[in-house]
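Take the sequences, apply the hints, and build the full model.
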Amino acid sequence: MKSLASNDFLIRDAWYVVAWPHELTADRPLARTVLGEDLVLFRTPEGQAVALEDRCAHRLAPLSRGRIESGGIRCLYHGVKFAPSGQCLEIPAQPQGHPNMCVRHYPLVERDGFIHVWMGDPGKADAERVIDASPWASSPHWKPSRGYLHVKAHVSLIADNLLDFGHLPFVHPNTVGAAQQADFATEVRPLAEGVQTDRWYIDVPASAFHQSVGHFKGRVDAWHCFRWHLPAIMSLNSGSAPTGTGAREKPHGSREGAIEFHHIAALTPQDEDHTHYFWVHWRNFALDEPAMTDTVHRNIMAAFSEDQAMVEAQHAAIRRGAQTVPKAIMADRALSLVRSQLARRAQGSVA
Amino acid sequence: MKSLASNDFLIRDAWYVVAWPHELTADRPLARTVLGEDLVLFRTPEGQAVALEDRCAHRLAPLSRGRIESGGIRCLYHGVKFAPSGQCLEIPAQPQGHPNMCVRHYPLVERDGFIHVWMGDPGKADAERVIDASPWASSPHWKPSRGYLHVKAHVSLIADNLLDFGHLPFVHPNTVGAAQQADFATEVRPLAEGVQTDRWYIDVPASAFHQSVGHFKGRVDAWHCFRWHLPAIMSLNSGSAPTGTGAREKPHGSREGAIEFHHIAALTPQDEDHTHYFWVHWRNFALDEPAMTDTVHRNIMAAFSEDQAMVEAQHAAIRRGAQTVPKAIMADRALSLVRSQLARRAQGSVA
Amino acid sequence: MKSLASNDFLIRDAWYVVAWPHELTADRPLARTVLGEDLVLFRTPEGQAVALEDRCAHRLAPLSRGRIESGGIRCLYHGVKFAPSGQCLEIPAQPQGHPNMCVRHYPLVERDGFIHVWMGDPGKADAERVIDASPWASSPHWKPSRGYLHVKAHVSLIADNLLDFGHLPFVHPNTVGAAQQADFATEVRPLAEGVQTDRWYIDVPASAFHQSVGHFKGRVDAWHCFRWHLPAIMSLNSGSAPTGTGAREKPHGSREGAIEFHHIAALTPQDEDHTHYFWVHWRNFALDEPAMTDTVHRNIMAAFSEDQAMVEAQHAAIRRGAQTVPKAIMADRALSLVRSQLARRAQGSVA
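Heads up: the sequence lines are chains W, X and V, in that order.
Everything in the first sequence is counted per the working numbering, starting at 1 for the first residue and increasing by one.
Everything in the second sequence is counted per the working numbering, starting at 1 for the first residue and increasing by one.
Everything in the third sequence is counted per the working numbering, starting at 1 for the first residue and increasing by one.
Source of the hints: derived by calculation from the structure; they are not laboratory data.
All values derive from a computational prediction rather than experimental measurement.
It is possible that some hints are incorrect.
Pairs involving identical chains hold if they fit within one copy or between any two copies, as the list cannot separate such chains.
What the hints assert, rightly or not - In the BS3-like style, the derived pairs of lysine-lysine whose C-alpha atoms are separated by at most 30 Å in a straight line are:
#, residue 1, residue 2
1, LYS81, LYS152
2, LYS327, LYS81
3, LYS327, LYS124
4, LYS152, LYS327
5, LYS217, LYS143
6, LYS81, LYS124
Next up, the structure:
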């Protein structure tokens, strides 16, 4: 079996969420590391969002200590200036320029409240493959809460955590997990580039969180419907509806009186020991209540902090004792599927 | 000459003190690393003290974050449960179990106020070889003070320190050392698996510590009689008696009016740069005075802190400049004996 | 192109400034690391300044934890004593001594307010090659301000910074740099073992610092005249004079009404990631005003802190992404000259 901290997840030819749009400004560049590469992110005064290698081509000083100017960014060590394309625009006291002076440019897409960068071959960067969050981001019927975690763990361990229902009653007994969840079957099926995982809890008490925001008068039908996108973006629909009202009927039964959430979690490897974790959690109720935005944020972060503590401890244990071999159990089906898809891709049999 | 930070000390087939009995509870597992291996230590609700590898066999999460239950410990990531033997007792949603799911179990002996683990081949673990502290631990005539130090140094450097009388007047001029100690000869003789080292100081003023607790009216005969057990446990008898009363006569002369101590120091390597140091110092006087227990503890820790500062500085100097070759002097006889015994053992000529 | 963090700078057969004279006392030894070697520095009670390897020859305990005694230093682990030559003077309880017991001794010169050590072959240590600061250090017409920085960067990056005028307007726009400096040419010429770099600014406003201490009534002629000594000592003459008074005439025109400074910066590698930076800045005015000594110190440190922040960021960027290749520009001429001299020396074609 391959290592739990599997570098099959570290795909270069992929879009990664690297920042929130508001983090890119024309006032001050942002330094962020993805797949071990240091990026500088900024917005030109003209409004263009840009990602470049965070090393001046002259003597490798960080451009993130530089100054954003009209048309580009200037290194504040010796004043060399670069365009959003990475091409050199100016070398002080050297009007003829320099033929090879440029920094690496990363394709970037700003869409639906995310900044995505492409870390691999720029020729393969297809903006159509960016995850589509428009059904929630562009709709007046959904309201987001957002959060970021910097996790000291390999991306693959966080992916495992998200792909797995088995940990819910043990890691989250008092937050999003509930002991009786284990009694319901999980449907797992492979997609072309990912996995679909569905679980329905029929005729159960609402979870503490759903009860507190949904005020149900009786038992509910609740659901977790995941879609995993390789290498590491999760799109999750969840909710609770009064039991017996047919929420499970497909494509969609009545969801009268239901509360629904849509969640996107984007895992972006900083390096083999750290991961950027961006999440958005949209709700379809209490749209005009800012306090609800905070309530949702607080509840999600409480659960994620429980995951983070466990995953970081697991990561450290693996790093100290890599010789110990893990063993899969039946509950690992979804994450095993994703891992085998990534392994095939790493071996070249998947584009 | 072999490195001062000699890994000949890192013997696997040996008993090591890993904890105090009170540290193992049924409430909360204890994580401790020995010879580079992460252990989880706990006590079942039924009272059994247990040492297991601190990595769940499923996905390597630390069991020290788990929950102690009747009959074993449950990993709180996905709920896999293990018996004190390391065998898997339960996998959630997988009633048929898993044939190879188990964690490494370490033989453990709880005796005379110490928890000992065996780090090597379990088939060779012979509880008879555990150091015998019963003459003091089980007797109403001795009262212990106890302490623990976490030392940032290789076990071999601490062993050298304990095996050496030469440092007393330089490291401890104001605590346990005294300049005139250097005038008395040290008798060193090899044992089957260790060294015996004796030093008698006849007709001397009592040391500051012994005078303060023994209230001698005149000069004393004092002694330090060491027995070193491979790889790294020291058993020391020391004391002061009014001079001329025959304390030195063997097996034992009159010790009327004497104060005596027995000390066990157990050095347990955490890894090549850190050592667990457990010590117990029994006295044969003021048995009913709790304040004396504190006084002894304070005096011992004051001296050990002097050693610790020097040994940690020596360790750091060796790690930064390993190419410099040390040179032995005559005062190194006891520690050189122990090192050559360990070297022979490492080469296989001693069982 | 060789790495920016070039180890050609790490020459062993060279004099390095290691301390200020007042740092070496007979009370307490000083530990300092140069070129990765740990030194202990002290002054005997007889007044001799001494540099030895900071590891006792016996068991490698740091001599910097030892005790300075008449005629030498005693290790406070086991009491072995060494002379300033590194020879062993005494081993406790071993009156016959030990034939090979000695520690490495480093040639040392105390001159003009600096302690210099020779890190290479002692047979090649020629005190005549120590940098000559006597024209300023021994003259009543110059008054020094002094400072020390511990920089987390490779010595070569700091050398680049000092050898380069190009960064002044970008790193120091509000301190020692000024935008119009870029309009004046820099004269660069190689020396036998270093580089001379001169820049004159004719008929300009005085810099903020020079104006604040020189109180000029009109425009000035100002200058920066560098002399670089391999591997890494800079000697700099700078100043401002009322324009048109002929300050530039050689050897020296009238400097009536001018303020002048002489600066020595001595870069001493601690290891490949840290550098000791000693500087002295002499002035030829306000000699009797202690407040001016502070003013100069504060101004120099303000500018150097700007350099330090950039150079440390550059160092970290290089260490994280060593595969990125830098590209030279015309402004790099002086530093490129020094680097090629060092490269030739490293290849053996220069003594």
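Verification of the hints:
In this assembly of identical chains, LYS81 and LYS152 lie within 30 Å of each other by CA distance solely across copies; the values are 26 Å between and 35 Å within a copy. In the homo-oligomer, the alpha carbons of LYS327 and LYS81 lie at most 30 Å apart only across protomers (14 Å), although the nearest pairing inside one protomer, at 53 Å, exceeds that limit. Taking CA atoms no more than 30 Å apart as the test, LYS327 paired with LYS124 passes between copies only; the shortest distance there is 28 Å, against 37 Å inside one copy. Within a single copy, LYS152 and LYS327 get their C-alpha atoms as close as 23 Å, which meets the 30 Å cut-off; across copies the closest is 35 Å, which misses it.
Only within a single protomer do LYS217 and LYS143 lie at most 30 Å apart by alpha-carbon distance; the minimum there is 24 Å, versus 66 Å between protomers. In this assembly of identical chains, the alpha carbons of LYS81 and LYS124 lie at most 30 Å apart only when taken from the same copy (27 Å versus 47 Å across copies).
Taken one by one, the earlier hints all hold for this structure without exception.
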